[in-house]
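A.B. asks: With the sequences and hints as input, model every part of the structure.
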Amino acid sequence: IPENATVNSVVYRVRATDPDEQEGQLSRLRYSLRSVGDPLQQPFRIDSVSGEIRLASSLDAERQQVFSLEVRAVDGHQPDPRTASMTISVKVEDVNDNAPDIKVSPVPSAPVVSVLENQPPTILALIDITDKDVDERNRRLDCEVSEFNQAQDAFALQPDAASGGHRDNPSRLRYILRNIRPLDRERVSEYSLRLVCHDSAGLTATSNIPIRVQDVNDSPPRFLKSHETMQVSENQPAGTVIGSLLAQDDDEGENALTVYQVSDQCFPYLGIGPRNGSLYTRVSFDRELNSSIACTVTAHDARKPELSAAIGVRIDIKDQNDCSPVFLGTQSGNFTFKVPENSQFGSLIGQLVAKDNDEGVNGRVTFSLAKPNSMFRVLPDGGIKLVARQLDRERSDSHRLFVKAMDHGIPPRWTTAEVLIQ
Numbered sequence: 001i002p003e004n005a006t007v008n009s010v011v012y013r014v015r016a017t018d019p020d021e022q023e024g025q026l027s028r029l030r031y032s033l034r035s036v037g038d039p040l041q042q043p044f045r046i047d048s049v050s051g052e053i054r055l056a057s058s059l060d061a062e063r064q065q066v067f068s069l070e071v072r073a074v075d076g077h078q079p080d081p082r083t084a085s086m087t088i089s090v091k092v093e094d095v096n097d098n099a100p101d102i103k104v105s106p107v108p109s110a111p112v113v114s115v116l117e118n119q120p121p122t123i124l125a126l127i128d129i130t131d132k133d134v135d136e137r138n139r140r141l142d143c144e145v146s147e148f149n150q151a152q153d154a155f156a157l158q159p160d161a162a163s164g165g166h167r168d169n170p171s172r173l174r175y176i177l178r179n180i181r182p183l184d185r186e187r188v189s190e191y192s193l194r195l196v197c198h199d200s201a202g203l204t205a206t207s208n209i210p211i212r213v214q215d216v217n218d219s220p221p222r223f224l225k226s227h228e229t230m231q232v233s234e235n236q237p238a239g240t241v242i243g244s245l246l247a248q249d250d251d252e253g254e255n256a257l258t259v260y261q262v263s264d265q266c267f268p269y270l271g272i273g274p275r276n277g278s279l280y281t282r283v284s285f286d287r288e289l290n291s292s293i294a295c296t297v298t299a300h301d302a303r304k305p306e307l308s309a310a311i312g313v314r315i316d317i318k319d320q321n322d323c324s325p326v327f328l329g330t331q332s333g334n335f336t337f338k339v340p341e342n343s344q345f346g347s348l349i350g351q352l353v354a355k356d357n358d359e360g361v362n363g364r365v366t367f368s369l370a371k372p373n374s375m376f377r378v379l380p381d382g383g384i385k386l387v388a389r390q391l392d393r394e395r396s397d398s399h400r401l402f403v404k405a406m407d408h409g410i411p412p413r414w415t416t417a418e419v420l421i422q
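Per full-length UniProt numbering, residue 1 is the first one in the sequence shown, and the count goes up by one each step.
The set of hints was computed from the structure by calculation and includes no laboratory data.
Don't take each hint at face value.
Said to hold, decoys possible - In silico DSS-like pairs for lysine-lysine, Cα to Cα no more than 30 Å straight-line:
#1 385 / 355
#2 404 / 385
#3 355 / 318
C.D. replies: Structure representation (structure tokens):
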């Protein structure tokens, strides 16, 4: 019977006769059935009256092809019934109910097929195709690659001539999957191919085979710029974060881990987070001593071979208004000018000069009188002018002024000098 026979269909009908019985009393015979072998593998049952043997459960020729059944007939005489038995051999005929089976075995053994990038041609996987059908006519196999996603020139699928399957046993095929050139994971990290196999009766199996390219440390870190300029204000405490310098590494995993370091010449002044590239100060800067710091930062990966990249960094020190103006021309901070008593109104008596080491508005100085004076005027540029109509030495032979030199910072800083006019 075919293995796809319907459950409960009649397989065979047995009939026993008993010469002792009168005509019309044959129905007194009863039939029973047992399996010769494992009774648990009994897919048949018998009608005890009619003798019809029916299929009790589905068959599978790939599991068991032959069943041996013993049929027993018992008459109704008591107390000494008579019996007879016969053996029936049932052969299960194969039908094409199994599609090909595709098994992919990565080399070396792994969950998925993979290849190291830059690897020369090598065996990546063995692919075995089998068909469980019994009849040779149902299990002749043929396979083809229907899709090679981005991999037409990267991989080859070749029959394994050593297995003998293609010549001697067309129901069992083996293919060898190879890469045919070195691959670059940074360009394509995963490929896939679709293998379609069908048997002689048209049943088809499809396997999508992903091929993962494993990373090796072949890409150096790289900065997006060749030079970077940053700023930090003077007088900031050590440990102040200036900014971050991040390099990119096209490798993956541990091969992409990047370590940062600063050059030796700026190590006393600057530090950098070895993992996050955060640049910070080691000292508090004084712009009046150093207005900028030049440094080289190196990024190297954490694996062997150690690959690296470098970037030039300039740190500009931003000014703060931390310097007061200083009067020039005297060490004591006091000035003396002499003027004839007959000097005219508006005459220039003297000139004061002051310097502020800050830059920009923080270093621009303006002069003024710290205390009002009706005889003299101090100009913003430090000039001292006579504004009285007339000087009289006999009434007063000297005049004392207090002059303030003030910068334009926020808040401003100033210095006061004493000026004696004789």
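A.B. asks: Run every hint past the structure and note whether it holds.
C.D. replies: Here is what the structure says about each hint:
no.: 1; hint: 385 / 355; verdict: holds, 21 Å
no.: 2; hint: 404 / 385; verdict: holds, 15 Å
no.: 3; hint: 355 / 318; verdict: holds, 19 Å
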